[in-house]
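Protein chains in written order, with the numbering used here: chain A, 14 to 197; chain B, 78 to 140.
Careful: at least some of the hints might be erroneous.
[What the hints assert, rightly or not] From the structure, some residues in chain A lie toward chain B, with a derived Cβ separation under 8 Å: (1) Met24; (2) Leu26; (3) Leu66; (4) Ala67; (5) Tyr68; (6) Ile70; (7) Arg105; (8) Leu107.
[Claimed, not checked] Taking lysine-lysine pairs in the DSS-like style, the calculated list, with each CA pair at most 30 Å apart, reads: (9) Lys56/A with Lys17/A; (10) Lys87/B with Lys128/B; (11) Lys124/B with Lys84/B; (12) Lys56/A with Lys94/A; (13) Lys92/B with Lys94/A; (14) Lys128/B with Lys17/A; (15) Lys92/B with Lys56/A; (16) Lys94/A with Lys128/B; (17) Lys94/A with Lys122/B.
[To be verified] If you want the ones that stay clear, here's a sample from chain A, every Cβ over 12 Å from chain B, calculated: (18) Gln18; (19) Glu30; (20) Ser126; (21) Pro131.
I should point out that these hints are in silico values taken from the structure, not numbers from a laboratory. Heads up, the beta-carbon is just placed ideally off N, CA and C, and yes, glycines get one too.
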Amino acid sequence: MENKQYAYQVMFLLDNEEVRAQGFNATRDWVRTTLEKHGADVKVLRLWAEQALAYPIAGRKRATYLMGWIMAGQETVSATKREMYLLGPVFRILFLREDEIPEDELGIGIEDSDIDVPEEIEEEYIEEYITGSDKKKDSEKDSEKDSEEDSGEDSGKSKKKEEAEGSASEKTPEPAVAASNEKE
Amino acid sequence: MTQEITKHPKRFDYKDIETLQRYMNAQGRIHSAQRTGLKARQQRKLKRAIKYARFLSLLPYGI
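Between the sequences and the hints, there should be enough to build the whole structure, so can you do that?
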């Protein structure tokens with residue numbers, strides 16, 4: 014059976030750590046060789062964006078998007094996905110079949126780009142610091158409030174409440190005692 | 078009172094996040110066809126584009 018070729022738009026979501034360690038061009042070449050190994054004809058492969066993620070993936074808050082246009086058969090898609098998810102620094106892969114490759118994209122081809130992938134700021138520490146300081150502030154505020162309450166008019170109210178609770182406990186007998194009373 | 082979007086794009090692209098966000102509420106849910114005013118086929122295309130964008134972490138699944 015003849016392996017029919019289709020045009021696919023491909024989007025790869027790459028791990029920033031790997032891109033930073035190996036360099037963007039080396040990572041792009043790895044993607045290209047993997048695609049070609051499985052019989053794809055890579056027409057376009059370029060950097061689409063390096064940006065913050067909408068939700069964290071594998072603890073990462075930023076990632077690099079690599080976009081491509083290829084001509085490939087159906088088997089190439091599944092084989093490439095399988096290999097890349099197992100071996101590569103790839104979080105997500107999206108293959109979309111299109112009617113044809115746009116001419117604007119064909120003009121770009123396989124593009125080199127020198128991007129400086131920023132290191133992720135460890136925001137957890139910052140958050141902890143902020144929340145910790147907030148907690149401290151809150152606890153300070155609470156202690157101040159308590160002291161005000163004790164010194165102010167509310168102290169009388171609290172005393173009344175305590176008295177009411179004490180009287181209530183006297184009125185309502187404990188269940189075990191009540192049961193014994195019923196038996197008698 | 079729901080407000081319909083009058084100008085729709087010819088094609089929904091998963092990379093065009095700003096356009097897709099017009100069809101979502103603050104919680105990240107897709108507006109109904111009654112609210113978007115799209116035909117059934119276009120509403121399905123919108124849904125697919127938003128789901129691709131969510132998969133690639135371009136849009137959140139929910140807030």
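- What are the numbers of the hints the structure violates, in ascending order? Nothing - there is no hint that the structure violates, so all of them hold.
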